[in-house]
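The chain contents come next:
There are 2 protein chains.
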Amino acid sequence: MGDRSWWGWGRTDCALSDDECVALGARLPGLSSTPLPIPRIEQLVVPQARITPPAALAPRFSAAPADRVGHTYGKAYRDVVRALHGDLACAPDLVAYPQTDAEIVDVLDWAASRRVAVIPYGGGSSVVGGVEYRPASGGADHCGVISLDLTAMDRVLEVDRVSRAARIQAGARGPVLEDQLRPHGLTLRFYPQSYEFSTLGGWLATRAGGHYATLYTHIDDLVESMRVVTPVGTGESWRLPASGAGPSPDRLFLGSEGILGVITEAWMRLQERPRHKASATVAFEDMAAAMQAVRAVAQSGRHPANCRLLDPGEALLSGVARNGEAMLVVGVESADCPVEGQLAELLTIAREHGGARCGDGDGADRSAEAWRTSFLRAPYLRDGLARMGAIVETFETACTWDRALDLYEAVRASVGAAVEEITGSPGIINCRFTHVYPDGPALYFTVIAVGRRGQELVMWDDVKIAAMEILARHHATVTHHHGVGRDHRPGYDRQRPEPFAMALRAAKAALDPHGVLNPGVLVD
Amino acid sequence: MGDRSWWGWGRTDCALSDDECVALGARLPGLSSTPLPIPRIEQLVVPQARITPPAALAPRFSAAPADRVGHTYGKAYRDVVRALHGDLACAPDLVAYPQTDAEIVDVLDWAASRRVAVIPYGGGSSVVGGVEYRPASGGADHCGVISLDLTAMDRVLEVDRVSRAARIQAGARGPVLEDQLRPHGLTLRFYPQSYEFSTLGGWLATRAGGHYATLYTHIDDLVESMRVVTPVGTGESWRLPASGAGPSPDRLFLGSEGILGVITEAWMRLQERPRHKASATVAFEDMAAAMQAVRAVAQSGRHPANCRLLDPGEALLSGVARNGEAMLVVGVESADCPVEGQLAELLTIAREHGGARCGDGDGADRSAEAWRTSFLRAPYLRDGLARMGAIVETFETACTWDRALDLYEAVRASVGAAVEEITGSPGIINCRFTHVYPDGPALYFTVIAVGRRGQELVMWDDVKIAAMEILARHHATVTHHHGVGRDHRPGYDRQRPEPFAMALRAAKAALDPHGVLNPGVLVD
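These protein sequences, in sequence, are chains A and B.
Once you know that position 100 of the first sequence is 100 in UniProt numbering, the rest is easy, because the numbers rise by one and skip nothing.
Once you know that position 47 of the second sequence is 47 in UniProt numbering, the rest is easy, because the numbers rise by one and skip nothing.
No lab work stands behind these hints: they were computed from the structure.
Here a beta-carbon is modelled for each residue, glycine too, at the ideal position from N, C-alpha and C.
Check each hint, because a few of them may be wrong.
Examples of chain A residues toward chain B, derived with CB under 7 Å [as the list claims (entries may be wrong)]:
no.: 1; residue: 99
no.: 2; residue: 100
no.: 3; residue: 157
no.: 4; residue: 358
no.: 5; residue: 394
no.: 6; residue: 400
no.: 7; residue: 401
no.: 8; residue: 465
no.: 9; residue: 466
no.: 10; residue: 469
no.: 11; residue: 472
no.: 12; residue: 475
no.: 13; residue: 492
no.: 14; residue: 500
From the derived model, a few chain B residues whose C-beta atoms are all more than 12 Å from chain A [what the hints assert, rightly or not]:
no.: 15; residue: 3
no.: 16; residue: 113
no.: 17; residue: 218
no.: 18; residue: 300
no.: 19; residue: 322
no.: 20; residue: 351
no.: 21; residue: 400
no.: 22; residue: 430
no.: 23; residue: 469
no.: 24; residue: 496
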């Protein structure tokens, strides 16, 4: 993928041009009139690599600046700004591209013997500092850092058509694995926003959330078994549809964010490709009414594939609504039977709670389509706005329904106040519900504000502290699906029950006794 | 519950009379003609208690023989036979009935200071040796044993009607918690076969499986948060509908079988009480055809509440079929809409795979009813047969669909051969599918054979070894929902990935540094 952006989201050919950045920036008064330039890699100052790979492994390693620079950061707003400013002090010394488990074992052994940090890297789409090295955060510093890029291990190795499952290597990005499943008529049907630029292993390691809004939302529930290479040995759970034998082994590694081992493959549960689809958009006067409706849908025992509630600001920004309505985008799918009846039932529930369906047929589809396009385009727009000096980032959470409206309002008020205090002008704080469960929704907030060039990161960090504070005060999770990484450590440490923290630290010490794996993440 | 049986399943007034035992035993040629007598507690030799409780805690402890005898075993066939033979060598020295978390903390502190083993005890319905002390299995022996009975902590403490969740103490048995939820119009809707005689805490600690056959089958998925008292501190996870923050803390304690801490309460997800129900029974010529149909149902994206496949032997034994058919009992439920359409769709799938619906209306319901009655009555019949000298026990597993027919046939063949070799005559080996998933079924086997009095346990242990061997050879789980306890340790150790075993041992050492909690279970 030579056209991956090293500094921003996705593909270079999808990034906004300078002119587009200027046009976009003009919509937010107070921004700069010229975009931050994108440095050329050859202009960048990349620190001297401190380690050289052992001869036997040398063919799998790269010390090329393009590789090291491209693996320095994830894809958060903080990462984009730092990259644009050419801040590469913590670039990994080497990037490894193993092709087999045995090579990973060799890399881990070598790293342990030299006290070299190893950061497992899938698609590099972390937005929480999950794939970067931070000297201060991992206790005693390491002698070097390896970014362990898994994307050379991207094959579907076996397909079990009868049980509808496949053994897939962890380095497969979304389109890469779907291309291999398609001839079998099957799909993993897991579509995080990062789908094109993230890997199965990354999804598993971070408990990623997919596009589908109900039922099986997290990758966790799609796992039949996993293979994990740890510094003290390799383990593979049995392929089981369900088991009650002790605590689930897979659930310890799901969400372990690379600190306990490297996930190298997994048997994943698959589905038939859906052939029947229908969707509609429903308008509500305000968020309170919309939330009642969405709760009723979530508690109805029906399981819409899509159930996304946009608050008035989000609906306006994404072009789905024009008049301050909250908008619900609801969709249903099936592989084997028509879904119009199911959609009608869901629309009845929405109507009973004051929802008005928008347009008919084509009209509704256009709204849904407008939203989807905007969803996939959003990260590129973010990068364009960042280049114009905007502070533009998201954070997400989940809580139970009894607290959801309070939380929504409290976050908008507190984060809004923080933005105004920190930046000197009011910002945009929008929200959508990305997933809904019978007992509560996942809330996804977008913040857009005018930063002072050179101060953007400090300003955003202060806004984020305010956001994390209000989430914690409501006992809303520090992350529903972005993960913890390094950025969410304070909130995570607060949220995590102490006995579990002790157990996790003990597990880390047992499996990674030299502390080489992704230091600073989840535990110290 | 003064009428709980101390030696056998459930309530004393539901146990078979001597005459009923004789009549039942007459149906299996070769059994004894007289039932083993039930010893009176006052006749039993109970070892002297080796410890006395500290004065401050004394009111919560009992050293009464009835308490100690009633807490010596779970309710497996092995337990019933040992109890009937008056084998009480390993009776706990004391039974504690704490009423608060603080009292549990005190008990654990005291136990740690004296190297006294503490066995958390809910309803005592373990069928895998989960609640008994075994001197050899826990490394260095303990100076005494406490059975920690949680049933004094059985209140529903809070109900959140909006999010449909409740905070429930772990010692609440099924009917006790449902009685408290009913006024709120809500239900946990979790019905293991042991429902009347097992507790929420026991379900959580063993990852119990409920009656419902698809979707949310294990208690795991109904948990919003948990509170756990460990020897090094108490932890409580936040109430969250979903989270992606690190490995799930709750999932480490779910299935931990009392070795990491004592679960004292949990916020559980509830449902509206179902008002619409429909069920039907479908006959298939053989298991191969029936399995195809059940797989199609499980992979259809529909989620029947009940989907239980009885093999020809099981269908015959439970009175659901008479002519060697495999029988599928399928049921649907909803709180808010009619379910006939859903049932019709499921029956269409069954018919496409060669199924013939049995009778109409009442006829079908009678079959379903016959099966349900037999299901709840089964443990009492087992006890009656055991008193007549029969070997009568169950074991259960799960595997993916690609292996399911092979596994079914291999278990019947191997275990059948083992029974014949060990007992000298052929036994009955029946199977039902208790739960079905898109990627595989849970298989539940019943073994009935003629034992030699006094040799029953040795004989059964040998049969069980053969069963575990064939499960392991097929990589089928050692347990789908009964748990590991002490009886399944060999199979569990074989199945569990070694890195996870290392992590679990490390977690155990961190949370229970004196090794007092349920020694011998899951880890040494």
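Checked hints:
no.	hint	verdict
1	99	violated (22 Å)
2	100	violated (18 Å)
3	157	violated (15 Å)
4	358	violated (25 Å)
5	394	violated (14 Å)
6	400	holds (4 Å)
7	401	holds (4 Å)
8	465	violated (17 Å)
9	466	violated (19 Å)
10	469	violated (15 Å)
11	472	violated (9 Å)
12	475	holds (5 Å)
13	492	holds (5 Å)
14	500	holds (4 Å)
15	3	holds (30 Å)
16	113	holds (20 Å)
17	218	violated (7 Å)
18	300	violated (7 Å)
19	322	holds (31 Å)
20	351	holds (15 Å)
21	400	violated (4 Å)
22	430	holds (21 Å)
23	469	holds (15 Å)
24	496	violated (6 Å)
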